[in-house]
Every structure is written in C-alpha cells, then in structure tokens.
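Residue numbers (UniProt numbering), protein chains in the order written: chain P, 1 to 429; chain G, 1 to 336.
Hint data in this document are derived by calculation from the structure and do not stem from the laboratory. A virtual CB, placed ideally from N, CA and C, is assigned to each residue, including glycine. Keep in mind that a hint or two might mislead.
[What the hints assert, rightly or not] Residues from chain G that keep clear of chain P, each with C-beta distances beyond 12 Å, as calculated:
id	residue
1	LEU10
2	PRO17
3	ALA86
4	THR95
5	LEU118
6	VAL120
7	ASN125
8	ALA149
9	LEU221
10	PRO251
11	ALA254
12	PRO294
13	ASP309
14	SER315
[Unchecked claim] Some chain P residues well away from chain G (every beta-carbon gap over 12 Å; in silico):
id	residue
15	ARG108
16	LEU153
17	THR178
18	ARG285
[What the hints assert, rightly or not] List time: in silico DSS-like cross-link candidates among lysine-lysine, alpha-carbon distance up to 30 Å:
id	chain 1	residue 1	chain 2	residue 2
19	G	LYS193	P	LYS213
20	G	LYS286	P	LYS203
21	P	LYS203	G	LYS193
22	G	LYS286	P	LYS299
23	G	LYS241	P	LYS395
24	G	LYS241	P	LYS213
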Amino acid sequence: MNRNVLLFAFVALLFLGTGFVQSWNVALTILNMAMVSAIMALGVNMQWGYAGLFNVGVMGFVALGGLGAVLVGMPPVNEAWAAGGLRVVGGLLIGAATIAAAVMAWDRMRRFRGLAVAALLLIGFFAFRAVFDGGVQMVEAVNPASTGYLGGLGLPIIIGWPVGGLLAAGAAWFIGKTALGLRSDYLAIATLGIAEIVIAVLKNEDWLARGVKNVIGLPRPVPYEVDLQNSAGFREFAAELGTDPVTASTIAVKLAYLGLFGVVLGLLLWLAQAALASPWGRMMRAIRDNEVAAEAMGKDVTARHLQIFILGSAVCGLAGAMMTTLDGQLTPGTYQPLRYTFLIWVMVIVGGSGNNWGAVLGGFLIWWLWVQVEPLGALLMDTITAGMADGTWLKGHLQDAAAHMRLLTMGLVLLLVLRFSPRGLIPEK
Amino acid sequence: MEPLNALVVLANFVLIPATAYGAQLALGALGVTLIYGILRFSNFAHGDTMAFGTMAVILATWGLQSLGVGFGVLPTALLALPVGIAVAAALTLGTDRLVYRFYRGRRAAPVIFVIASLGVMFVYNGLTRFVIGTDDQRFEDGERFIITAREFREMTGLAEGLALRTTQVITIVVAVIVVTALFWFLNRTRTGKSMRAYSDNEDLALLSGIDPERVVVITWLIVAALATVAGTLYGLDKSFKPFTYFQLLLPIFAAAIVGGLGSPLGAIAGGFVIAFAEVTITYPLKRVLGYLMPESLEPDGLVQLLSTDYKFAVSFAILLIVLLFRPTGLFAGKAV
C-alpha cells in the first residue's frame with residue numbers, strides 16, 4: 001500500500017513540477033486530459049484486466065462518445081430538418097428495416113434462404129440509397145459553410161456524456177455479438193475494423209456531424225473565460241489573489257472542468273472497485289483465469305464477455321464525450337489509432353492490468369509522458385547536436401526528428417514494462 | 001463493339017488495379033499467416049515491418065540513383081530490393097532476439113505476444129518516421145506505361161482506352177515469382193517441410209528432432225522478404241506514406257482471416273477476394289453498365305455502391321460475413 005501511495009505521490013510531483021517549471025495553465029491542461037485518459041484506461045482495464053478481452057478499437061468508441069456530445073449539446077438546425085431531415089431519417093429506417101428483415105428471413109426460412117436474403121439486401125440497399133441520398137443532399141445544402149448538418153438536441157452537454165456512452169455500448173454490442181466466442185484474435189481485428197469505420201463515417205457523413213468541416217463551438221458545462229473577466233466580482237477576486245484576471249479566468253475554467261471530471265472519475269473508480277470486489281467480479285476473474293472450469297460451473301462465458309465488453313466500451317464512450325466537451329469541438333480528422341487506441345493500452349499495461357488504481361495511475365503517468373516527451377526530446381536533440389556545425393544536414397534532420405520521439409518512447413516503455421514488470425506498476429492483488 | 005468497350009472499361013478501372021492490389025495484399029497476408037502458423041500470434045507490427053523494409057528500399061534506390069545506376073525501363077527499386085530485404089531481416093531477427101524469444105521460452109499466452117507486437121509496432125513506426133519522416137515519397141522511375149490509353153485506342157479502334165502501367169505488370173510478375181518460390185520452398189525442401197511440420201504439430205516436430213529456433217529464424221527471414229516485397233510493390237504502384245502502411249493492416253488481416261489463418265493458399269485467395277470486392281464496390285460502374293444496357297435502361301446515377309472513403313468498410317464487412325458463417329476461413333485454417 002505504501003508503495004502505491006508513493007507512486008501516486010510521484011505522479012503528483014510530476015504535475016506540480018510542471019506547474020512550477022512551465023506554468024499552471026500547462027499543468028492543468030495536461031491534468032484534465034490525463035483525467036479523461038484515466039477514464040479510458042479504466043474502460044480498457046475492465047475488458048482486458050477483468051475479462052482478458054483484447055479490444056483495439058478504443059478510438060472508435062471514443063469518437064462515438066464525441067458524437068454523442070455533439071448530438072445532444074449542439075442546437076438543432078431547423079432549416080436542415082425542414083429541408084430533408086425526415087427523408088434522412090426515413091432512409092435510415094429503411095436501412096435498419098432491411099437488415100432486420102434479412103436477419104429474420106435467415107432465421108425463419110429453410111429453403112432458398114441464401115437467395116432470398118441476398119435479394120432482400122440488394123433491394124433494400126437501393127431503396128435506402130434512393131431515399132437517403134436525396135435527403136442528405138438537401139440537408140448538406142443548407143448553409144454548408146456554418147451548418148449543413150442536422151444539429152443536435154440543444155440539451156445541456158453533460159447529458160451528452162451518458163448518451164455518448166450509450167452509442168459506444170451499441171457499437172460494442174454489435175461487434176461483441178459477432179466476434180466474441182471466437183478466437184481472441186478475431187475480436188482484435190473486428191474492433192480494429194469498427195474503429196476505422198466509425199472514423200470514416202464521421203469524416204464522410206456531413207449531415208451527421210459536418211464531417212471533416214468539424215463541429216466547433218460546442219456549448220460548455222462551465223463558464224466562459226470572457227464572462228469571468230467581465231464580471232466585477234471575479235476581477236476583485238483575482239486582484240485579492242494578486243493575479244491578473246486573464247490568467248485567473250483561464251485557470252478557473254480549467255479547475256471547473258477538473259472538478260467535473262474528478263467527480264466522474266471518482267464515481268467510476270468507486271463503482272469499478274465495488275464491482276471487482278463483488279461476486280460478479282470474482283466470477284469475471286474466474287472466467288478469465290480458466291474459461292473451461294468456469295463453464296463447467298455453469299457460467300455463460302460468452303454472455304458475460306459480451307456484458308463486460310459493452311460496459312468497458314461504454315466507459316470509453318463516456319470518456320470520449322468528456323474529451324470532446326473539453327476540446328469544445330469534434331474533429332474526426334485528428335483521430336489516430338496510435339494516439340487513441342494503442343496509447344490507452346500502454347497506460348493499462350504500464351499501470352497494472354486488472355487493477356483499477358493501476359489503470360488510473362497509468363493514465364496520469366503515460367499522458368504526462370506523452371505530452372512532455374516532445375520538449376524533452378527536443379532538449380535531448382539539442383544536446384546531441386550542440387557540437388555539430390549549424391546548417392549541416394544531420395543536425396537539421398535530428399532536430400526535426402525530435403517530434404517522432406514519442407512513438408519510440410511509448411513502444412520502449414511498453415516493451416520494457418511487459419518484459420521486466422509484466423504485472424504493471426500496481427499489480428492485481 | 002459495345003460489350004468489348006464495357007470489358008475494356010472494366011479491365012482498365014477494376015480488373016487490372018484490383019489484380020495488382022490483390023497481389024500486394026496476398027504477399028502481406030502471407031507474411032501474417034506464416035507468423036500465425038509458426039509463431040502462433042497475430043503480428044500487429046506487420047504493416048510497420050512493410051513500411052520499414054520499403055523505407056530501406058527507398059534509401060537504397062536514392063543511393064543507386066545518385067550513383068547514376070539505373071535499371072533501364074524498370075524501376076531502380078527492383079535492384080534495391082535485396083538491400084531492403086537484408087535490412088528488414090536484420091530488424092525482424094533483432095526484434096525476435098530482444099523481444100519475442102523471451103516469451104517463447106516462457107511459453108507465454110498468444111495474447112502476450114500480440115501485446116508485445118503492439119510495442120514493436122510503436123518502435124518500428126517511430127524508427128520509420130525518425131529516418132524518413134511522415135511525408136509521401138515517390139521513388140518510381142523507368143518507363144511509366146507499357147501501353148497508354150491513347151496507344152490502345154489507336155491500336156484497336158475502340159472508343160475506350162486501356163492503360164497498362166509498368167508497376168502493375170511488375171507487381172503481378174514479382175508476386176507470381178515470389179509465391180512460386182515460397183510454395184516450392186515449403187513443399188519441396190527439407191527446411192520448408194520442417195516448417196510445415198512445426199506449424200501442424202509443435203510437439204511432434206520437436207520429438208522428431210526439428211530445431212525450433214532454426215525454424216523461427218527462417219520464418220522471420222521469409223516474413224521480412226515478403227513484407228519488403230509487398231511494401232515496395234505497393235509503394236511503386238501507389239506511393240509510400242508510413243501511415244498508409246499502418247492502415248493496410250486491416251485489409252491484410254481480413255485477407256488472412258478470410259482465407260483461413262495459417263493457410264498460405266488461403267492468404268492468397270483472401271487477398272484477391274478483398275481486393276476485388278473493395279475495388280468493385282467503390283468504383284462507379286455507370287460507364288460499364290452504359291455499354292451493356294439498352295439506352296432506355298441506362299442508369300442515371302454513378303452506380304457507385306459505396307464511396308471510396310468506405311473501402312475499409314468493405315474488408316470489414318467481408319470479415320464479418322466470414323466470422324459469422326465460416327469462422328475458420330475459406331481454406332480451413334487453424335481454429336484455436
């Protein structure tokens with residue numbers, strides 16, 4: 001226990017050091033994102049640590065969560081709904097009905113069901129495209145420079161957080177239904193695929209969330225800096241602290257986010273710990289450690305796997321919605337698997353798979369490292385190249401290459417921890 | 001002439017590009033499937049191995065070009081291939097020594113190997129970016145076309161042209177040579193047979209005196225060669241960008257699974273299934289149908305089933321269909 005407290009104290013020291021050496025704004029920015037990362041790591045830890053499921057589609061679930069935030073938080077675009085909103089929805093319903101009919105036909109029919117299902121899908125596909133495409137064109141034609149999409153519900157954006165989790169859970173159900181119960185590698189490939197598809201959909205379906213034109217200016221759950229600076233009370237408060245109102249307002253906003261995220265993280269951590277200690281958690285670990293024995297004891301392994309897979313993905317979706325809220329924008333072009341999937345894996349493995357506190361620690365530590373490796377790398381390269389003459393090819397190349405130190409460092413950290421401390425910094429009890 | 005024109009359009013935009021792409025995917029999937037069969041894990045670093053090998057080829061090509069060495073009408077990169085393969089082999093063998101051998105000795109679970117391969121993927125990716133950066137690199141030289149669209153039209157008098165790029169023909173020829181050599185090696189040589197025996201039943205192979213470390217070393221050598229060739233052909237045909245190679249992981253894995261993980265023949269079949277499906281579904285078929293159908297029935301739209309941005313969705317959909325209905329793949333691979 002003492003060791004764990006020391007580890008957390010060390011991470012706290014890293015953030016405090018950042019505050020003193022760089023600035024408190026930087027430290028808080030990193031800390032906020034670290035909170036979100038810790039929640040993602042919690043989600044992956046549920047799947048991998050409790051149940052041994054290998055999910056490499058974290059990016060997709062995170063992006064779906066972000067979509068949830070947009071669909072709830074942004075105001076609806078009434079002209080777009082009037083122009084073709086119903087037609088888009090109708091097209092989607094036709095598509096869903098086609099798939100449902102195909103599944104039912106497959107289950108009910110005996111002879112010629114292959115042909116029947118293929119014909120159903122083909123007809124349904126063209127009907128879907130005929131209705132849907134027209135609607136999409138009309139929606140996207142509405143003021144494309146600023147809207148061109150259907151907008152959201154205009155509700156407080158915090159409601160979008162659980163909604164983002166639900167969206168991710170839906171996608172996880174779909175993937176889990178097909179790939180769970182098969183070999184573990186298949187789940188990995190299937191999740192890798194769904195993540196790429198989610199990003200492709202977000203990039204191309206402009207009617208949904210403006211695609212690569214990005215949705216910007218999401219409403220905030222916390223006050224705006226400008227409003228704080230304009231309020232007389234806040235200016236007095238800043239003066240009492242002896243700082244200028246601009247710095248004070250940016251820090252205050254970040255602290256407000258930190259408080260919100262802290263509540264969510266604390267709640268999730270408490271729930272996860274309680275679940276792990278409950279009979280349900282014991283059953284999960286029993287299944288993970290010996291599936292055959294657990295099955296012989298009458299546990300439905302595939303159903304439990306599906307359950308935990310959906311739960312973990314929902315947590316990732318929730319974190320994604322929080323991240324989009326923090327950024328104030330949804331930018332599908334910036335979602336990269338190395339950053340949103342594999343980095344989370346590094347956090348879980350380094351922190352300690354199977355241990356919730358470990359996942360949280362890993363989230364904080366690895367995110368800090370991810371941000372700070374770049375300036376540290378540049379510093380290192382400057383030291384190495386200090387003796388070289390200015391303007392030589394090698395010097396320029398090495399200094400440019402500092403930006404790529406991150407991936408190398410993360411890979412090395414992962415490999416070293418996996419080799420020399422495979423149970424992570426805070427091992428499972 | 002109408003059906004002929006339709007055939008030419010189809011060949012120009014679908015059949016030839018899909019064949020070349022299918023050959024590239026097949027070579028990539030062969031590497032994945034060999035590692036799966038012999039080392040028994042899904043290697044997530046394969047896309048980045050391809051990128052690394054191709055990078056070595058590009059650097060060697062630039063070196064040769066600056067020395068004034070060329071390969072006539074063929075791309076210089078073909079001359080540089082052996083260098084790239086040697087560098088990639090050194091990398092994979094070094095990685096095996098430093099990373100995978102430890103877990104093999106402990107008989108770790110396959111998923112631990114997969115996680116280790118994630119770490120390796122990060123490192124390779126970082127190394128490639130470190131050396132050559134993230135930008136597009138074109139390293140194609142020599143003659144670009146065997147037949148251009150205009151020459152074809154003048155030759156045949158058809159309304160549609162058929163362009164045959166040198167890189168497409170090279171891709172297919174090289175792939176045929178490499179695959180033939182690989183199958184000859186696996187089926188006819190003593191070492192190849194010992195590899196297959198090791199893949200079929202590890203314990204039995206060990207009992208009959210096969211040296212496992214030797215099998216592993218040879219596997220990595222072959223995988224490095226396959227990855228470098230696949231990557232170079234893809235780079236010549238399209239262009240070299242490290243991130244694209246990472247993204248190739250999905251269609252390559254889909255190809256290997258569709259064919260049946262662990263089955264070399266399946267990997268080739270899977271590669272072509274994925275490539276043809278991807279290209280056909282994302283190509284607007286209007287012009288082909290326009291030649292075939294009577295004028296009254298001519299389609300109004302582009303008849304593009306899916307936009308090209310969704311090409312990953314095609315590999316993914318095929319993968320899901322195979323997982324649902326035939327989880328061992330077309331050529332019954334290993335079902336663990």
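Going down the list of hints, with the structure as the test:
1. For LEU10/G, the condition that its CB be more than 12 Å from all CB atoms of chain P holds, with the nearest at approximately 20 Å.
2. The beta carbon of PRO17/G is kept farther than 12 Å from every beta carbon of chain P, the shortest such distance being approximately 20 Å.
3. Every beta carbon of chain P lies more than 12 Å from that of ALA86/G, the smallest distance being close to 23 Å; the non-interface claim holds.
4. With a cut of 12 Å on Cβ distances, THR95/G falls inside the contact zone with chain P, its closest approach being about 10 Å.
5. Listed as outside the interface, LEU118/G is inconsistent with that label: its C-beta sits roughly 6 Å from the nearest C-beta of chain P, within the 12 Å cut-off.
6. A beta-carbon of chain P is positioned within 12 Å of the beta-carbon of VAL120/G; the least distance is around 7 Å.
7. The claim that ASN125/G lies off the interface is violated: its Cβ sits roughly 5 Å from the closest Cβ of chain P, which falls inside the 12 Å cut-off.
8. Even its closest Cβ contact with chain P, about 30 Å, leaves ALA149/G beyond 12 Å, as expected for a residue assigned away from the interface.
9. No beta-carbon of chain P is positioned within 12 Å of the beta-carbon of LEU221/G; the least distance is around 22 Å.
10. Not every CB of chain P is more than 12 Å from the CB of PRO251/G (nearest about 10 Å), against its label as outside the interface.
11. The Cβ of ALA254/G sits about 7 Å from the closest Cβ of chain P, inside the 12 Å cut-off, so the non-interface label is violated.
12. Here PRO294/G stays apart from chain P, with its beta-carbon at least about 19 Å from theirs, past the 12 Å limit.
13. Not every CB of chain P lies more than 12 Å from the CB of ASP309/G, the least distance being 5 Å, so the non-interface label is violated.
14. Non-interface status of SER315/G relative to chain P is broken: a Cβ of that chain comes within 12 Å, the nearest being about 7 Å off.
15. Chain G leaves ARG108/P outside its interface by the beta-carbon criterion, the shortest separation being 17 Å against a cut-off of 12 Å.
16. With 12 Å as the threshold on Cβ separation, the claim that LEU153/P sits away from chain G holds: the shortest Cβ distance comes to roughly 27 Å.
17. Remark: the non-interface label on THR178/P conflicts with the geometry, its nearest Cβ contact in chain G lying 6 Å away (cut-off 12 Å).
18. Remark: the non-interface label on ARG285/P is consistent with the geometry, its nearest Cβ contact in chain G lying 16 Å away (cut-off 12 Å).
19. For the hint pairing LYS193/G with LYS213/P, the CA-to-CA distance comes to about 56 Å; that exceeds 30 Å, so the pair is violated.
20. Taking the CA atoms of LYS286/G and LYS203/P, the gap is near 25 Å; set against the 30 Å cutoff, the hint holds.
21. The straight-line distance between the Cα atoms of LYS203/P and LYS193/G is roughly 48 Å, outside the 30 Å bound, and the hint therefore fails.
22. Distance restraint check for LYS286/G and LYS299/P: the Cα-Cα separation of roughly 54 Å exceeds the 30 Å cut-off, and the hinted pair is therefore not satisfied.
23. With a C-alpha separation of about 24 Å, the suggested pairing of LYS241/G with LYS395/P holds against the 30 Å cut-off.
24. As the CA atoms of LYS241/G and LYS213/P are separated by approximately 24 Å, the hinted pair is consistent with the 30 Å bound.
Of the hints listed earlier, those the structure fails to meet are numbers 4, 5, 6, 7, 10, 11, 13, 14, 17, 19, 21 and 22, in rising order.
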